[in-house]
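Using the sequences and the hints given, assemble the complete structure.
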Amino acid sequence: MSVHTPHAERGGDRKAAVGSVGRPPVGWAVPGILFFALFAIVPLAIAVYLSFTTWDGLDSPALTGLDNWTRLFKDSEFGQAAWLTLLLTTISWAFQTPVALLLGVWAAGRQRSRAVLSAVFFIPLLLSTTAIAVLFHALLDPNFGVVKEIGPWIGVDPNVMGSSTGALLVVAFVGGWQFMPFHTLIYQGGARQIPEVLYQAASIDGAGMIRQFFHITLPQLRHTMTTSSVLMIVGSLTYFDTVLIMTKGGPGTDTTILPYLMYRTGFQTYDLGYAAAIATALVVVATGLSLLLVRFSGFGSMRSTREGM
Amino acid sequence: MSIDTRPAAPQRTSSVPRRMRSVPRPRRGTGNPVAGIGSLIWLVIVLVPLYTLLSSSLMHQDEALNGDPLAFPTDPTLDNYTTVLDSGFLSLLGNTAVVAVATVVLVLVLSVPVAYVAVRTRSRLSSLAFRTFLLGVAIPAQAVIVPLYLLIGKMGLYDSLWAIILPTAAFAMPVAVLVLSGTMRDVSEEMYEAMALDGASPLRMLWQLAVPLSKGGISTVAIFSALQAWNGFLFPLILTQSEENRVLTLGLFTFMTQFGVNIPAVLAAIVLSVVPIFAVYLVARRALVDGLMGVGGK
Amino acid sequence: MRSGIFSQGTRTTRWAAAGAALALAGILAGCGSGAGGSGDGTLTAYVYGDDAVKVQQAAVDTFNKTSDVKVKLVSVPGTDYVNKLRSAMGSPGAPDIFFNWGGGSIKPYVDSDDLLDLTSTVNEDPALKDGFLPSVMTAGGLDGKIYGVPMRGMQPVMLFYNKALFTEHKIEPPKTWEDLQKAITTFKNAGITPFALGGSDKWPELMWMEYLLDRIGGPEVFRRIQNGDTDGWGDPAVLKTARTVEQLIDDGAFGKNFNSVDYGNGGAPTLLNKGKAAMHLMGSWEYSTQLGKAPEFAAKDLGWTAFPTVAGGVGDPANVVGNPTNYWSVNARTKHKDAALAFLRTMASESYSKALVDNGDIPTTSDAASMLSTSPNPAFANDQYEMVQKAPSFTLSWDQALESRYATPLLTEISKLFAGKSTPEQFVEAMKAAK
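For the protein sequence lines, the chains are A, B and C, in the order given.
Following the working numbering, the numbering of the first sequence begins with 3 at its first residue and continues without gaps.
Following the working numbering, the numbering of the second sequence begins with 13 at its first residue and continues without gaps.
Following the working numbering, the numbering of the third sequence begins with 76 at its first residue and continues without gaps.
Hints in this document: simulated from the structure, not taken from any laboratory.
For clarity, every value in this text was computed on a predicted model and none was experimentally measured.
We treat Cβ as the ideally placed atom computed from N, Cα and C, and that holds for glycine.
Check the hints yourself; a few may be wrong.
What the hints assert, rightly or not - No farther apart than 25 Å at their CA atoms in a straight line, the calculated lysine-lysine pairs in the DSS-like style are these:
{"hint": "1", "chain 1": "A", "residue 1": "K250", "chain 2": "C", "residue 2": "K496"}
{"hint": "2", "chain 1": "B", "residue 1": "K166", "chain 2": "C", "residue 2": "K182"}
{"hint": "3", "chain 1": "A", "residue 1": "K76", "chain 2": "C", "residue 2": "K507"}
{"hint": "4", "chain 1": "C", "residue 1": "K507", "chain 2": "A", "residue 2": "K150"}
{"hint": "5", "chain 1": "C", "residue 1": "K263", "chain 2": "C", "residue 2": "K331"}
{"hint": "6", "chain 1": "C", "residue 1": "K182", "chain 2": "A", "residue 2": "K150"}
{"hint": "7", "chain 1": "A", "residue 1": "K76", "chain 2": "C", "residue 2": "K496"}
{"hint": "8", "chain 1": "A", "residue 1": "K250", "chain 2": "C", "residue 2": "K331"}
Unchecked claim - Computed Cβ-Cβ distance ranges for the label pairs, DEER-style:
{"hint": "9", "chain 1": "A", "residue 1": "R73", "chain 2": "C", "residue 2": "T449", "range": "54 to 64 Å"}
{"hint": "10", "chain 1": "C", "residue 1": "P370", "chain 2": "A", "residue 2": "S62", "range": "48 to 58 Å"}
{"hint": "11", "chain 1": "C", "residue 1": "Q132", "chain 2": "B", "residue 2": "P224", "range": "51 to 61 Å"}
If you want it as structure tokens, here you go:
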């Protein structure tokens, strides 16, 4: 069912066609937009509103002006959480991108063995985040888990969850363990679309494998990398389930990332107004980062070429 | 089960002008040793936890606590699985299934028209809506959980499955709209024109042309939203409470405390939670893999 | 240029909008009826989900046999209880009756007028008024009013130990600080963790703080804090308590990996019953926990004693910390007030106390002492009852005595102190600043 048509031809046709063909009424989009607005945009607006109030969840929210925000900027715990979030995001990205890229490009080859391995690699994606966190929580129990036996053997302290750096790295690793297949798939899909002629041309020029990788594969995967990175970053900003289940933000507060701090403030301390301020800050960071990535990587311009099609 | 991994449908391949059609065939330089060794290491990293998961779930508790965790269980037992099944596992599974199906239906019913309108009209409103959804990708669900708690409470939905379904569907929509509008753009204008000449209404065009030709995108969206629902933890955690409305993820979390250092039982619960989706994977691996590849874009 | 389409568009727009509105309304209406909370003729009761729930379930079953209004018991998994209750109380699906610890744990609900004032109900009913130990009844109230009826056993925190290990290493369970230090050295040298501690759950660490502060500065120090004076954290006894904790950690009293050990999943109790740790400071429920996890150990090798004295401390060594008991409180908005009160009255019945005793609990009823002989372990029951009865002061667990807006930061700060992430001085400063 190939519906593929060469591009230039199509774009030209469309211009001529505008207005002459039955267009769907814009109203069709209304239910979807309303629904999304009700459960995502409106809550976001409420979150911003609540960030200017104090609310304990039982009485009505009471406006307190900028109190929460001034507190936010002075709160060393918020500062630490923001830093840890950034750190976790960076570590996750730096861990997942190279591995997923290599695995993806490798899996793009069509040997049967690779297909079999790819099928195995996919399995972690079938487990829910909760299942994975519970699994690793059991495996990493310092007294009763596998880590006690094989930890020393591969250079991992059995008390890895009890050390600050260890716990953070574990959270990053567990996230990577789960999402690697997804990003591998994205890169695999991307790599398969690199025109073969580019490689043929390069090898005629005498370029070696490594050179080909850096001069053809990587540049050609630029957009794929952006997509994958945006998903990775937005994803790891919110490694909440893993933290809640595996570390409860500890030891001390050393894995208390922003979403967890928000959860603790909101649903344990019941300081819901301040929690809303933290949440708003999280959105600003997430959106800001994504926009930044999109801008610098030219993802936006790619979209507009598509839109203009 | 086929283990072939060719791209499923040609429409997924290039739509960007600079690209030439790539013919699927073995690439030169296939024997990249770095990636080869890397993939073997990753294989071990993936398999060791999975192996321990399976083997320990078959052990007696004492063996799991004291024995060599990498050894095969000396006296395999299914007791742990019975324990889990007796602890209300099937009701957890049922709830999760309801949530997943309802989410998928809701997402598709709502997103297909949005994507269709975004692709087929040029109005300000539709482009604004499209951009809103695009930005929506970056809204973390955690950020709105406080207001959602308020909203769901006010609607009288606290502690019901709807409290999970509605926000989950809403948060799956941005990606759904992006993916769907991506695939729908690939439907050629001539085909619409041809149908228009036959006097087809926009509804018929959607139903007989855009939808059938976007099957790839639709299945991507269905899989993506089903996985969101399957994975969801925060919404159930905050917005539900009673055992009747507990879903699988929350159930696992509860088991973790309830079974405690009865690690084999905890692991058996995890294994059981994977069984249904693993079955889907065996039957429809291609759809699943291609579908997820579709989230990454073209 | 698009007029034809446009006019068609508006009609469809309206249709679509109407459809969406209808669909949403339908969804909302459909769900409203399915939401939690009390429907007609039922009372929802939230209870802390642990091994003791079966006693309450039996009481509910008995009650439902004769009552038109049925009680529906909802067992909320323990670790989440406080949060889940709070979330539910803020929603229309709030429970009618709920388990709590009295004190700060019900303060927010009292402040927002969510609780039924039980003062006159209790005072007019001799069965309730004289049925329970007066001190326990008072502890469940707030500002001189009564908001709860005792519904479980007393839960003092005690020092549990593994008898076999003490025999093997020829030492006695610690009575003084010196004994305690000797025990630490002995067990550490033998490669055994002196004290099991579920640091990952944070509140087991709190128990150490509670006893140390009580022994060092007496119960008055915390009472001042509980009454709302955060400057109370500046008391020198608090600093000394925090320093003592630091010292204990440096001495290896809790081993190396206590930060990642859970209590909730049974990690810490298992360390004790497997002989990997020698002692465990825990609430009296540790006995039933061990009975459930390792019956043989509980019957043979599980020992218990009071928390030792601390050198230079002014607190009475007979003082106890923990939970005097748990209470049922009633939601002021319940539709079935009379039925709820009728259910609460059954808590004073002899058969209910008996059921508690049989489960290993020690009821807080006035006549409990005479029943303890049928307890699964009368020696343990009597010791515990005596300990509480003779205690000049029974300090409520800090995380229950304080409202959650103080209790959560407190747990966080304590966890940081134990993890070595803040110094005793920083701990004191952080607590003084908490608000």
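Which of the stated hints cannot be reconciled with the structure, identified by number in ascending sequence? 4, 6
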